[in-house]
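Just need the whole structure built from these sequences, with the hints factored in.
For the sequence shown, the residue numbers in our numbering are 1 to 246.
To be clear, the hints were calculated from the coordinates, so they are not data collected in a lab.
There is no bait here: all hints are sound.
Using 27 Å as the maximum straight-line C-alpha spacing, the simulated BS3-like pairs for lysine-lysine come out as follows:
#  : residue 1 : residue 2
1  : K211      : K21
2  : K165      : K211
3  : K175      : K142
4  : K211      : K175
5  : K218      : K189
6  : K218      : K50
7  : K142      : K165
8  : K211      : K142
9  : K21       : K50
10 : K175      : K165
11 : K218      : K175
12 : K21       : K142
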Amino acid sequence: MPERTPPIVLAPSASPQDPAKSAAFIFVHGLGDDAEGVESIARQFQTAGKLPYMSWVLPNALHNHDVMSTGWYAPTGLSPFPPSRPELEDEEDEEGITSSAQYLVSLIDDLVSQGVPERRIVLGGFSQGHAMALFTGLTSSKYSGRLGGLVGLSGYLPLIERIPKLREAAGLPEKINHDVQVFIARGTKDMLVPRRYLTLCSNGLLDCGVKQEHLTVKEYDGMGHIMGGAELRDLCTWLETVVPQL
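Take a look at the structure:
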């Protein structure tokens, strides 16, 4: 197995003395990127004095030989139209997705061992990171429904039809029975992840028990497959509500 580069960890700019009053955001990068590629986002928040009590954990994906790049799993094509013959669609990389989810769970374990409450931890990401954050948050036997929030930017929900069975296999109830908050967003000019995946994602979250009033869905006019300023400002406001300063 290739060796994984450790995550970049940015300590809070004003760390609370009591870990129970801290918060943490595990932010997962996309396909072909690495932790350094999203580090600037975390530093923007800190430079602006936002969420000074929050630590940022920025994990690194392994090198994926199937795509000859870093990736949390081998991707499949995302069509703007529903498939006319679903049986001919490429199978999703369930092994890669579940293995990466286990790694993300280990990062949550580390935070909990440091005294950060589960309800003060947010798991999120961009593109493939979006997919991994939501999948992990829905299927983890330890943390499904127990985190403060989940964030998905410019991505989709993988293995969407398998999630009920995966929850059952993990010993989870059919529906999430905790009040987890979720923020998902995309740009209207995103050519890599078609709009229908936003609808599939939001419906999948609701089917798993996320309450409608706890699901924030945003679209940004003219934004492509990037993280834009308006989106990050909305995300900051959402984070301040989900894991407020204590």
